[in-house]
Amino acid sequence: MKLRTRIFSIILILCTVLGAVLYAQSGQSIFEEHALFTGGKTTVRVWYTDDALTPYLQSKAVAYSETMSKVRIEPTLVSGIEYLEAINKASLKNSNYPDLFIITNDSLEKAYLAGLALEIDNSGNFLNDESFPKAAVDSVTYNGRYIGYPFYFETSSLVYNKTYLENMAKEQLETQKELESLPDQSPDAAEAMAEEEAAEAMEAEEEEIENSISEEAVEETVSDSIPNTISGILSFAQNYNAPDQVEAVFKWDVTDIFYNYFFVGNYMNVGGDAGDDVSQIDIYNTDTISCMKIYQQLNQFFAIDSKSVDYDSVVQDFIDGKIVFTVATTDILRRIEEAKAKGECEFDFGVADMPGLTGDFKTRTMSVTECIVVNGYSEHPYEANAFAKYLCKDNSGDIYKMSGKLAAHYNVKYGNPNLDTFVDVYADSVPMPKTIETSNLWMELEIAFTEIWNGADCNGTLKQVSENIMTQVTGKDYSEESIPDPNDDVITAGLKEESD
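Heads up: the sequence shown is residues -9 to 490, going by the working numbering.
Since the hints were derived computationally from the structure, they do not count as laboratory data. Just to be clear, a hint being listed does not mean it is correct.
[Stated by the list, open to error] With beta-carbon atoms standing in for the labels, derived distance ranges: (1) Asp384 <-> Glu328: 18 to 28 Å; (2) Gly114 <-> Phe337: 43 to 53 Å; (3) Glu436 <-> Lys60: 46 to 56 Å; (4) Gly114 <-> Ser69: 32 to 42 Å; (5) Gly405 <-> Lys160: 22 to 32 Å; (6) Gly445 <-> Glu168: 24 to 34 Å; (7) Met433 <-> Leu82: 25 to 35 Å; (8) Ser69 <-> Asn115: 46 to 56 Å; (9) Asp234 <-> Gln306: 52 to 62 Å; (10) Gln235 <-> Lys383: 27 to 37 Å.
[Claimed, not checked] Derived lysine-lysine pairs resembling DSSO-like cross-links, with alpha carbons at most 27 Å apart: (11) Lys352 <-> Lys379; (12) Lys332 <-> Lys352; (13) Lys100 <-> Lys79; (14) Lys160 <-> Lys352; (15) Lys124 <-> Lys312.
C-beta atoms are modelled at their ideal positions from N, C-alpha and C, and glycine is treated no differently.
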């Protein structure tokens, strides 16, 4: 072998060994970012913890890379256990750390204080109110900065058995038509009609009436029959001629704060609109006490055993036609679709705005927004921001088709009015607070709701929750000044008056 050839071979081997050493130390190929084998592509790594997102993220990564030929997107599913800690560790060790990661909005403060969340690129007013609901923008706001992109959300609302309401509407319209079509006959003329002729005439008339009822009239009657308050559901229950398989007109998981928070959501303030200001905390007030008293009184009308109820069983009973109304999150729609595909569900369902409590007390649901965060350690923040924006401008509806998630921005073409209703409910929802000091509020409230449902004193229980949270916020024992109980008779009268 010629000397020149030997020297070239030795150099090539040394380069290969050097590359392997660098890869072992950094967990990243020296060629990955720099050109010999990737054509100069920049790799943007995206970490996420929910496997349901895998088909969607992989699809969008391919589509984006085809459009942006100089960027390669690398979605990576990782464990959700100690997720932020894993991101921080990988970033500090420069070991295949993510440029972007997906995280719930209540963890944003922790991420930001750890240096893992960069302020996003909001050039061109990207997070404008025509493209994003207020709840979405509030969810990524921290100390006046936007430190994430609203990606998708979860919230709850009222879901109803549309088949039952349609059948009820048809009965009402048929009765109305029959009454309108009755001839104005004298008693003598009516007696003169032969029974057989009368029966035939009645049968033909009923068939004609049934055929004359339009779908539009049925839809309008269904819409009018959906209660817009919880007290209205009580009234519905008292007047509804339920089919045999119906076991409860209204049932929901009274043990999970996500399905209960709407009772106090309009009157409880934890951190202000953005949930980032510990100087704005108001848990214990006259309105929240009144709302919890209404909640407690519902146990007299809807006897739900807090020891045996859970969300999955409620959803299954609802799909089986045993419940007319329930409170559910967006996942129920996918579960209904799956049951229908298996031939295990014969009903149609609808989603309505969350009803108020009474005419005097309003409601607001809680929401959790999954956010796309640009890692503070990323060496490619420009490319990371660009891909995050790409995902948050996707109006195709693929996010729901491929993952069952609802995008946290407007103008998505779902082709399903029930999904659109959930988006509307989300727009007015209360984002989970992101302050570290209030992180266990939901556990405290969940315990309080269960105790109150089972008869505990509303005033004292809420007072204790507020004192526990304020003790954490202030770092010292905190005592609330007791508030006089609202008038039980007035609250009860308001609840029953609307249901009578």
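Results of checking the hints against the structure:
1. Asp384 <-> Glu328: 18 to 28 Å: Check passed, 24 Å falls within 18 to 28 Å.
2. Gly114 <-> Phe337: 43 to 53 Å: At roughly 46 Å between Cβ atoms, Phe337 and Gly114 fall inside 43 to 53 Å, so the hint holds.
3. Glu436 <-> Lys60: 46 to 56 Å: holds (49 Å)
4. Gly114 <-> Ser69: 32 to 42 Å: At 36 Å between Cβs, range holds.
5. Gly405 <-> Lys160: 22 to 32 Å: Once the Cβ atoms are compared, 26 Å apart, the range 22 to 32 Å for Lys160 and Gly405 holds.
6. Gly445 <-> Glu168: 24 to 34 Å: Distance hint for Gly445, Glu168 is violated at roughly 47 Å.
7. Met433 <-> Leu82: 25 to 35 Å: Given about 31 Å between the Cβ atoms, the range holds.
8. Ser69 <-> Asn115: 46 to 56 Å: Violated - the Cβ-Cβ distance for Ser69 and Asn115, about 37 Å, lies outside 46 to 56 Å.
9. Asp234 <-> Gln306: 52 to 62 Å: violated (18 Å)
10. Gln235 <-> Lys383: 27 to 37 Å: violated (45 Å)
11. Lys352 <-> Lys379: Violated: Lys352 and Lys379 sit about 35 Å apart, past 27 Å.
12. Lys332 <-> Lys352: Since the Cα atoms of Lys332 and Lys352 sit roughly 39 Å apart, the hinted pair is violated (cutoff 27 Å).
13. Lys100 <-> Lys79: holds (15 Å)
14. Lys160 <-> Lys352: At roughly 31 Å apart (the allowed maximum being 27 Å), Lys352 and Lys160 break the hint.
15. Lys124 <-> Lys312: Violated: Lys124 and Lys312 sit about 36 Å apart, past 27 Å.
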